[in-house]
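Trainee: Sequence:
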Amino acid sequence: MQLETLTFFEKVYQVAKLVPYGRVTSYGAIANYLGARKSARMVGYAMNGSHNKDVPAHRVVNRKGLLTGKHHFDGTNLMQQLLESEGIEVVDNQIQNFEKVFWNPSEEL
DNA sequence: TGTATGACGAGTT
DNA sequence: CAACTCGCCATAC
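So the first sequence is residues 16 to 124, counted in the working numbering.
Each hint should be verified, as a subset may be incorrect.
Calculated pairs, BS3-like style, for lysine-lysine (alpha carbon to alpha carbon, straight line, at most 27 Å) [unchecked claim]:
(1) K115 with K26
(2) K53 with K26
(3) K53 with K68
(4) K53 with K32
(5) K26 with K68
(6) K32 with K79
(7) K115 with K32
(8) K79 with K26
(9) K68 with K32
(10) K79 with K115
(11) K53 with K79
(12) K53 with K115
(13) K68 with K79
With beta-carbon atoms standing in for the labels, derived distance ranges [to be verified]:
(14) L93 with S121: 26 to 32 Å
(15) Y60 with S121: 27 to 33 Å
(16) G102 with Y60: 26 to 32 Å
(17) K53 with T91: 29 to 35 Å
(18) S100 with L33: 15 to 21 Å
(19) R56 with N92: 21 to 27 Å
(20) T91 with Q29: 28 to 34 Å
(21) K53 with L124: 18 to 24 Å
(22) T22 with N92: 30 to 36 Å
(23) R52 with V106: 25 to 31 Å
(24) N92 with N112: 18 to 24 Å
(25) V106 with T22: 16 to 22 Å
(26) L33 with E99: 28 to 34 Å
In short, the hints are calculated from the structure, not lab data. C-beta: ideal position from N, C-alpha, C; glycine also.
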């Protein structure tokens with residue numbers, strides 16, 4: 016645990032954990048909320064290290080609602096399974112009604 | 001120690 | 001309308 020390591024990653028984890036059940040958010044939304052709209056990339060990469068954390072990475076997708084990070088989960092469709100178990104419709108790695116389940120930290124938080 | 005790269009996104013060509 | 005480029009910064013090699 017590195018206290019001086021309060022970086023984007025840590026912040027990303029914090030926000031990601033705040034995503035309510037049955038909702039999803041985007042990498043860009045988190046980055047934007049953190050004040051770094053251009054660092055959406057880092058958010059995604061941060062999830063790479065979120066394995067150890069309690070971060071629900073399956074609730075974080077790209078701006079199009081596409082499950083781009085599903086390949087980083089154990090199974091091939093684990094991410095989709097998790098989302099569907101929360102009542103989120105997913106077809107072909109794409110979240111249906113994305114606007115409805117989208118959770119914007121800048122507004123809700 | 002330096003280079004390459006990645007779960008993205010928005011702007012430009 | 002599609003493809004390309006740049007920004008961002010921690011991690012891997």
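Trainee: Which of the listed hints are not met by the structure?
Mentor: Going through the list in order, the structure violates hints 15, 25, 26 and respects the others.
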